[in-house]
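Residue numbers (the working numbering), protein chains in the order written: chain A, 1 to 256; chain B, 1 to 256; chain C, 1 to 256; chain D, 1 to 256; chain E, 1 to 256; chain F, 1 to 256.
Check the hints yourself; a few may be wrong.
Just so you know, same-sequence chains aren't split out, so a pair can sit in one copy or run between any two.
Here are the simulated BS3-like cross-link-like pairs (lysine-lysine), alpha carbons at most 30 angstroms apart as the crow flies [as the list claims (entries may be wrong)]:
1. K109 <-> K202
2. K217 <-> K205
3. K155 <-> K2
4. K60 <-> K202
5. K155 <-> K202
Everything labelled a hint here was simulated from the structure, so no lab data went into it.
Number of protein chains: 6
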Amino acid sequence: MKAHSQARLIEEMSWTEFAQAIVQDDVIILPIGSTEEHGPQAPLGTAHFIAKYLAERIGKLSGALVAPAIPIGNAEGLMDFPGTISIDPELLQQLVVDVCKNFIRHGAKRFFFVNGHGGNNAALRFAAMQLYEDHGAMVTCNEWWTLMPQISEFKAHDHGGKYETSMMLHIAPNTVDMSACDTQQIDRLTEEITFDYGFFYKGAKLQLNVPTGRIAKNGNFGTPSEEADGSLGEGVSATYAEYCAGIIHEMRGIHL
Amino acid sequence: MKAHSQARLIEEMSWTEFAQAIVQDDVIILPIGSTEEHGPQAPLGTAHFIAKYLAERIGKLSGALVAPAIPIGNAEGLMDFPGTISIDPELLQQLVVDVCKNFIRHGAKRFFFVNGHGGNNAALRFAAMQLYEDHGAMVTCNEWWTLMPQISEFKAHDHGGKYETSMMLHIAPNTVDMSACDTQQIDRLTEEITFDYGFFYKGAKLQLNVPTGRIAKNGNFGTPSEEADGSLGEGVSATYAEYCAGIIHEMRGIHL
Amino acid sequence: MKAHSQARLIEEMSWTEFAQAIVQDDVIILPIGSTEEHGPQAPLGTAHFIAKYLAERIGKLSGALVAPAIPIGNAEGLMDFPGTISIDPELLQQLVVDVCKNFIRHGAKRFFFVNGHGGNNAALRFAAMQLYEDHGAMVTCNEWWTLMPQISEFKAHDHGGKYETSMMLHIAPNTVDMSACDTQQIDRLTEEITFDYGFFYKGAKLQLNVPTGRIAKNGNFGTPSEEADGSLGEGVSATYAEYCAGIIHEMRGIHL
Amino acid sequence: MKAHSQARLIEEMSWTEFAQAIVQDDVIILPIGSTEEHGPQAPLGTAHFIAKYLAERIGKLSGALVAPAIPIGNAEGLMDFPGTISIDPELLQQLVVDVCKNFIRHGAKRFFFVNGHGGNNAALRFAAMQLYEDHGAMVTCNEWWTLMPQISEFKAHDHGGKYETSMMLHIAPNTVDMSACDTQQIDRLTEEITFDYGFFYKGAKLQLNVPTGRIAKNGNFGTPSEEADGSLGEGVSATYAEYCAGIIHEMRGIHL
Amino acid sequence: MKAHSQARLIEEMSWTEFAQAIVQDDVIILPIGSTEEHGPQAPLGTAHFIAKYLAERIGKLSGALVAPAIPIGNAEGLMDFPGTISIDPELLQQLVVDVCKNFIRHGAKRFFFVNGHGGNNAALRFAAMQLYEDHGAMVTCNEWWTLMPQISEFKAHDHGGKYETSMMLHIAPNTVDMSACDTQQIDRLTEEITFDYGFFYKGAKLQLNVPTGRIAKNGNFGTPSEEADGSLGEGVSATYAEYCAGIIHEMRGIHL
Amino acid sequence: MKAHSQARLIEEMSWTEFAQAIVQDDVIILPIGSTEEHGPQAPLGTAHFIAKYLAERIGKLSGALVAPAIPIGNAEGLMDFPGTISIDPELLQQLVVDVCKNFIRHGAKRFFFVNGHGGNNAALRFAAMQLYEDHGAMVTCNEWWTLMPQISEFKAHDHGGKYETSMMLHIAPNTVDMSACDTQQIDRLTEEITFDYGFFYKGAKLQLNVPTGRIAKNGNFGTPSEEADGSLGEGVSATYAEYCAGIIHEMRGIHL
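Input sequences plus hints: build the corresponding full structure.
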């Protein structure tokens, strides 16, 4: 017997159901993840699982349709770690544009990208630009770890650290091995160039194309993953989803 | 507590687990689906759900690693139906090549593509060719509906018909709405050109670039979906997975 | 003195003649060949010569215009054999699309692709799809060796075997060296994987990206080329051309 | 019975014959034509027929192998005339590079491009550059109408005029309709900008991206085609082929 | 008489001078600008002029070679304003990669990108990634307006505002028209979505693909350009150049 | 205080100034240079400096707007010389098309390309063709060294020789080192193939893809650079600019 999830997942709908739904609400939520190392304790699918989970949660609150999650992103800087897969940013951009273009053809006009991995950001921003230029579509793109520090007490800025591990403990605890947690030893490039979720030189952030593996052997950095806790993941998720549902409400009111 | 599914899903493994596993077995199963109409009774994700399910089942039997499923394929011919999304075959090919190339970098040598949608076939074959040329990797590609009639009594050749609907009733019955089943009325192009899962002219199949929507208004054809049954889906799955595990066994024995 | 061949070859017409002709009949026949090994007895141009010959023969029967033949296709799997040339399927697709696009600009609306080589098939199908999507053009694509078994007693399924050699003996006997015929010794990949114009595993066809050269040292397989006969080639050609002229008649009646 | 043409055409050779030949002489002649208007009297295939004919003639004199002729080139500037087909220069370049790359894989090292159409020149030069950069291959490219005035009394610079029509009268007289000859009326763009096989401003040539059709309604210009004569075509062909065979002799002596 | 500028500009050196210099120091500074609106008072070349000026200043302090400045970048979001030119990020990325690749061929190993425009950032980061992957080259990328607030009292975050106008008053005062300064009236998208050098929703930054022109009619925003002052520009330049020369010193010490 | 150069340089104008100017005159001059060796005496930026200078001079005489100069072109054949940078012709073509496309969006209709380097020619011609096809824009492209011999006594055909060195002595004498002048020793490829700004065989020019470095060790050829003189550079510039201003006048009168 047909029984939809609470969130309206497009892949669970028939084409006739989708046809009716898109007429009533032209917003689509698109989760974009990545398959990449997240330290020895968290799974390769971390960014994918989180993006998918948050998208569905925003879907439930806002009533917007949720597109199939894209499980692969641009993780070039982590390619030294086995199991990581990465596609070129151009390929990711084209993939996202093509998917949205198809939805636009059938009535979608506004998109909410839930991005699970920082390396995807530029490709998604360019996709958004192109969708506006070529199709007049409105797109917003969101990253929970960038947003949280701005609107809450959650200082969620790590990679395979306290926050991402907490999210996975909440979403899919069976994929986490807390016994493998290991506070990362970070190497220095030079005496003057330090590393703290990014390189720093005399107090300012330094863009440097040196892959993570060269300075963080285990692949995770940021606050220690040993401190992770599932309830922290739930708190972040709830705060994030509510805020994002608010944005979607706002987007519906913008004239296109 | 970490507790893997029976199948070894790469996205649930940490990079350290993957690093150990790929050394012991260099085969990776890659499911490729599609998001496209499957009639009014079956979900848009049908091809994706089936590919993912079958890949995991083969993974359990064979012990080979299972990559994240790609949910989108080439469904150009079905773009008249709302909710269908399609990417160019070149994009799909590049996506698959890039994903496999990354795994090859970390030790994979043999790939088993579980394809859930006929429109993907050519792109996957070209990807396989390229992976051999550029990386010496061995690839086999498999479609359950093509294979079944050759090795069993299951004449599984439809689109949103008896067999695909049966598979979904077995895999995710909550996504099927049997009350929406509707034996498709098929239109003709000319008096002489008939249609039966493809165009025919005087008894021979005719390749013609006319989209499905022009002749099948509901989007499904083949044997009536009203006859679908979950146990049929289970039977097909079991037969298919066992046969494919045999191929993987054989592939391991081929010198590269 | 100007004296056209019986078939209306576009390259032999002046632009003023073409301009008049396309107004009266908007169908164009496009032969696509390949330059690739066909065993030690048949020429590298076999697929090209056959496509060109059959296209002209269909042209005569149907009155449709015949475009210049494309002599090169996708023969990646045969690249181990000297003299074989191959272009990427994307390049072939773009080439065919561009050629047709130009004809469409000047009035063509329907295309009949006469394909001389199996490796071209996917590229041609995608070209057809694109021509419909972007230009609303109707395309059919045909392969004589696939068609023959469906409509006649000719079981024409080989590569450089009885049928292809017979075609060349009919079309250009001076390019065949019957004394070089050699029934191909076929190697096995494993005990369980056999080869018979394709790999087979337990009775079902197996897509495997292993190039022909690895299992067929001479490059030809299928029925023995020693049995080839020019009159067989004539029989196949006559049956094929008549059937295809029928399709063209049918295509003219489809509303675009 | 196998009986080769005097020129060694690769498409008429079996792969075993090619394998032996390329070891003895690593030069390949590649004819590149175009399908484009040449006035009301000459066929659309003029540039293609001439390139093919001259390549075979050089092949006979020099003993070098002759590749299949490419019948389509870049004729963008003539697209106003029905029957003209044109591909992008990048596509032509890639096509030529891919074809040569394949021959290089099997032993070819030097290429002689016989170009039948001016619009192809830049693409062929870039292809040559790329073949040197990526494969260390030596390429020369030749155009008969540019060469003739430098080494003979033949002032062969027209389009569908006296010289090209003479060539066709020699090569394939049945494709020429001398009764349709018509001295072209040339329009001016401005009082100061004149046209004579190219625009001129105050005595100097002016590159201007205005298509031919805007100033030459019939599509041909240069010396009047009414003066064409088959024996002139024979004279040009003989002179050209002998000179080019000399270049090939010279190329064989250059260390690579 | 040859007399170099104090900075060692590659375009002013002969190839023999460059050949000697690159052996002694393998760092190259590459300025990348943009041609885009900067309000009614500042010139379209603002980002280009600043990048070029700062690169030369860093060159003087550090002794590193300075490459020709790229005057065009990705300014898609400003395309509503006449005179703005923009290239796709992929094109910019390829351009930068190709330029650096050439320098690498002749001995360069480290690059310092001086970026004058925020829209270029992602393309430059991807170029850096690619240069590491394909050539093992080290790249850092720097933006003065992002850096200043981290290391000084200069809160240089505007577009055509106080800081950019001050820079131009210092570098090329003749290109600024202070009488045209006009504090920008900023429109809102909705009641809840505000704008302050970017969109904000409830206190957090909101990525939204709405072009600048829709909310800022004059094209400039940030602190009022009326407050601009040349000495402020000199102060920023001096601080920035000294800091960057320090980074270059550090880069030379990193093992590659 | 704002004080424009005599030439109307777009990068020195604000967007509001540009918006007014383009309405009154729709012609834009675009200089395209190259960064490449020009012998031991002339700077790597020679082609770039000359193109920029001539464009501004034509701008002053004609009143047409002058776009930012593109400093990099296609110099593949000179890549053996350190400091030379080269981009693929396709990249250059796309760059030029994108820049012009943007100007067209804001009112430009006619373009005058001032090309400083022969290797750019084909890319610029294809860009022109594309701008006509896609945007109906008129483009002319000009090279001073090709033009001069047709309209004056200046036989300006060299590379880093008398003429180019004279131009640099006039434009930027501080970048020339006359003491480094060295009449180039030219090597031969074979006894029969000579070199004089291009290869020659029996008196006719021979296109051969052999890079300059193989036959001219110093990188310059043509008339000896020792004879260079600044006043000669001034003479060429004056003649060229006046002629080109005349063409622009003519272009304004052509109906589009």
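Non-conforming hints, listed in increasing numerical order: When the structure is compared with the hints, none of them turns out to be violated.
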